[in-house]
Amino acid sequence: MEEILIDTDIFIEIFRGDEVLRAEIANYHLFTSVVSYIELIQGTTTSRKEIQQIKHYLRNTRILHITEDISRSGMELVEYYGPSHNLKLADGLIAATALEYGMYFRTNNKRDFEYIEDIDM
Numbered sequence: 001m002e003e004i005l006i007d008t009d010i011f012i013e014i015f016r017g018d019e020v021l022r023a024e025i026a027n028y029h030l031f032t033s034v035v036s037y038i039e040l041i042q043g044t045t046t047s048r049k050e051i052q053q054i055k056h057y058l059r060n061t062r063i064l065h066i067t068e069d070i071s072r073s074g075m076e077l078v079e080y081y082g083p084s085h086n087l088k089l090a091d092g093l094i095a096a097t098a099l100e101y102g103m104y105f106r107t108n109n110k111r112d113f114e115y116i117e118d119i120d121m
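For the sequence shown, the UniProt record's numbering gives the first residue as 1, with consecutive numbering after it.
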């Protein structure tokens, strides 16, 4: 099964009921950045029930943590693309994770990442 890194926005759309998107990613081995996981948790209404629902849905998704290499790469991306494209910390670390693992990166926010060289979307 092919591996794919899922961005925060994809999970949000699935949680909102997008069954087409859910079916589209069902044939992949799913990964996400710990940054996306934290964004999902912060985006809830802080209800314990919603947090448990997110955790339940993500039980088959491997969460990739920030390594020293990802940290360094994220820092370089933000330094380089921050001034010209307003790349922020979270997106820089998520992009660095995709680059570090060489995974296809599934996002609907392509304009937030399309200028980053070597990112496979």
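Treat the hints as calculated values from the structure; they're not laboratory data.
This structure is a prediction, so every number in the text was calculated from the model and none was measured.
Don't take every hint at face value.
[Unchecked claim] Derived BS3-like pairs: lysine-lysine, alpha-carbon spacing no greater than 30 Å straight-line: (1) 88 with 110; (2) 55 with 110; (3) 88 with 55.
[What the hints assert, rightly or not] Now the in silico label distances, taken between C-beta atoms and shown as ranges: (4) 21 with 72: 13 to 23 Å; (5) 117 with 53: 15 to 25 Å; (6) 118 with 90: 27 to 37 Å; (7) 55 with 19: 12 to 22 Å; (8) 59 with 86: 32 to 42 Å; (9) 121 with 42: 18 to 28 Å.
C-beta: ideal position from N, C-alpha, C; glycine also.
These are the hints, each one checked on the structure:
1. 88 with 110: Distance ~15 Å between residue 88 and residue 110 Cα, so the pair holds.
2. 55 with 110: 26 Å, holds
3. 88 with 55: With a Cα-Cα distance of about 25 Å, the restraint between residue 88 and residue 55 holds, given a limit of 30 Å.
4. 21 with 72: 13 to 23 Å: At 32 Å between Cβs, range violated.
5. 117 with 53: 15 to 25 Å: Given about 37 Å between the Cβ atoms, the range is violated.
6. 118 with 90: 27 to 37 Å: Cβ of residue 118 to Cβ of residue 90: about 20 Å, so the range 27 to 37 Å is violated.
7. 55 with 19: 12 to 22 Å: Hint holds: Cβ distance 21 Å, inside 12 to 22 Å.
8. 59 with 86: 32 to 42 Å: 34 Å, holds
9. 121 with 42: 18 to 28 Å: 24 Å, holds
Checked against the numbered hints given earlier, this structure breaks hints 4, 5 and 6; the rest are met.
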